[in-house]
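Put the two chains together into one complex, using the hints given.
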Amino acid sequence: MTQPLSRLLEHVLDGEPAIGDEIDEIFRRADRLHRRRIHALIAGGLAVVAVIAAAGYALTSTLMPTASRTGPAASPRVAARSTPAPMPSTVADPVLGLLAPLVNGRKEHIYPRPPERGNGWRQYSVTDQDGTPRGTVAVAVYATGQGLCFPVLAAPHRCATVEWAPAGVEYVRYDDETDHDWQVHQTIARRLSDGRTIALMATGERGGADAAAGKPGLTGAQIEQVATGGRLFDAFGRNEDCFGPSSGACPAFKVPVPSEND
Amino acid sequence: MSGDDDGLREYVTSRLPSLRRSAFLMCGDWDLATELTEACLARVVDGTRRGAVADADVYAYADLMEACRRRNRRREHVFVAAAGAEGVAAESILVLDALHKLAPRCRAVLVLRHWDGFDVDAVGAMLDLDDERVDAYERAGLAALEQLLADSRTALAR
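So the protein lines, in turn, are chains A and B. Per my numbering, the very first residue in the first sequence carries number 420; after that it's consecutive. Per my numbering, the very first residue in the second sequence carries number 58; after that it's consecutive.
Next comes chain B alone, as it looks inside the complex (with noise of 0.2 Å):
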């Protein structure tokens, strides 16, 4: 038993930085993100020691979408800022505001896929997606990114 908490200490403490980096992403919030990290990772833990866990990443990464999908219908602000953090550059505003005006599931795409590395099968398990619906939430997400930014540079410069 406690070989099996040493492995999964491992595990939470390598995927934890990661886990928290993409609820960062998807709720813009890192008190928020941490909480949900934290929650989603104690369901690893208790899951993996019930054997109820076949593959602990897709596991991991599709609770902690569904939680922020959940979490984001009451979002107010587009970035929270950690206590005792230094200022953050507008570009990152900027990039935070324009992901968060995409859909919860498109945002997902572009996270799990350009930040986490995640290739299509794994995206498309993490959220209950196939191959096509990933690449189509791949292609509108980026092309609605580009234009908002654009749109948000041209008004920052007037």
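For reference, chain A alone in the conformation it holds in the complex (with noise of 0.2 Å):
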């Protein structure tokens, strides 16, 4: 270039404006921004606990949805079906660790029916994967003794002819689904080895609309092959009887296990 251009420039600046109150201005910004920089980070540390908060209400409701859904004007049944006890371990309780696998299989859930358990005696709900109550299911062990009759309902002074399971357990299946609002499904075993007997019993939710409705959360079969298989006889104590002190609080079966006194 045949000159400077710094000093081209120079004579571009002529006319340059006068500087008024442009520093004020500057500073009147300069607290602006740090007013607007402020406000932005109270707005985002509410927007993060607010998001917080509403992730924590999804997870809430997503994980523990009964106590939501269940309003005080709720009819019994609906209450009943989404409030159900927590699932006790398995392992606590060998009685229900033997009859989860085959509640489960049936895609449906067993928990302990409050009074759930006592001296010789243990009763369970039943529920399917709605929530919706599939009957219960007790069971009992008496100290029998060597001599049981089995009772026959349709005759109270003979006794039934027995079958044999391969665990040394003679037994006796009673099914009885005439009735639509109580189907049951019982079996009474007996292991010989010790003279304990077992009462098992499904029974069906009663009230239901129909005979399907009121069907029991565990077939016959099943029963049978719980009550017969000698590990339900193990799952209880000892010194478990349901014939013993407290023998008020067992269950009532549809066929009752007779006593030596009976």
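Just so you know, not all the hints are guaranteed correct.
As the list claims (entries may be wrong) - With the Cβ distance kept under 8 Å, some of the chain B side facing chain A (calculated, not the full set):
1) T70
2) V152
3) T211
As the list claims (entries may be wrong) - Derived DEER-like restraints, expressed as beta-carbon distance ranges:
4) A/D450 to B/P74: 29 to 39 Å
5) B/A207 to A/A462: 34 to 44 Å
6) A/I461 to B/I150: 45 to 55 Å
7) A/Q548 to B/R107: 17 to 27 Å
To be verified - To list a few chain B residues with every Cβ distance to chain A over 10 Å, as calculated:
8) A119
9) R127
10) A160
11) V177
If you are wondering where the hints come from, they were derived from the structure by calculation, not from laboratory data. Using N, Cα and C, we set each Cβ at its ideal position, and we do this for glycine too.
If you want it as structure tokens, here you go:
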């Protein structure tokens, strides 16, 4: 270039306006920027808190849906369906450990039904995967000794013909589906080695609209299988006996196990 | 705090005129140059108060050049005089016109090097360029500017 660029540019700046209150305006702008940043920080913090609260609420309502969905005006049936008791450990309850695989195979759930247990007896509720009640399962163990007359409902003074299971167990199976409102699958089984007797009964939910709604949660074959397998005897403590001192609390069976006094 | 603000006020007072002239050379509009410079120095003040500014000059010129580059896309006039200003020499209009025909980054290198007098390293830091690129922009910008001015003078002489 024929002359330095800076000299050329000097002339370009002729007519430059005077500086007025630009300095104060700059500091006012800086203060506004500061306030805007503080507000943005507060808004961001509030947004984070809101997101965390929303996520917590969503997680809570997803993982624990029953508490929020059951209103005070819900019918007893709905309430029973939506507030299942927590599933106990099958290790802590060996009886439940034998029943649970069968129920779970039918995509149902089984859990203790209050009053759930006592000396020589257990009681459970069954629900399907929608939470609809599928009746109860009751099981009791009795020290019946050497001789047991398996009852015949139609003939109170006669003894039923027993069948034999491989585990040294004699048993009689009682299924009664004639009453749609109280369908029962029951097996009474006696182990010869120690004279202990098991009564295992599954009953359907009463008050259902039809026979299908009142079907028990376990089939007669499943009840028989568990009752005669031998392991159910061992799932109770050695000293447990539903004929014992607290026998009044034992569940009522469709076909009661006769005691020696009967 | 007030001591810090006194130092900042001194800095702003000393840098405002030169920054505004550089902005004018970049955009050709005194009002726009004033607006861009005020916004730039407000960010410098705010950043300095927060301790986020290491080198105020590098921060200020880098911010200003970027703001001018963004505004340049919407530029409609080669030169907009300040309100109440006297006439400007035709030669100045030619220089501004030639300057504004250059690419924004090339123009920024020429303004920072030849008007503000920064060295190559400082200009590289302000424009995020390495030294070779600054040199290349400067050589290309000067050659183009000389050619544009020669063409303009020839056209005016006819």
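For each hint, the structure was consulted:
no., hint, result
1, T70, "holds, 6 Å"
2, V152, "holds, 5 Å"
3, T211, "violated, 14 Å"
4, A/D450 to B/P74: 29 to 39 Å, "violated, 23 Å"
5, B/A207 to A/A462: 34 to 44 Å, "violated, 57 Å"
6, A/I461 to B/I150: 45 to 55 Å, "holds, 50 Å"
7, A/Q548 to B/R107: 17 to 27 Å, "violated, 59 Å"
8, A119, "holds, 17 Å"
9, R127, "holds, 18 Å"
10, A160, "holds, 16 Å"
11, V177, "holds, 15 Å"
Comparing the model with each numbered hint stated earlier shows that hints 3, 4, 5 and 7 do not hold.
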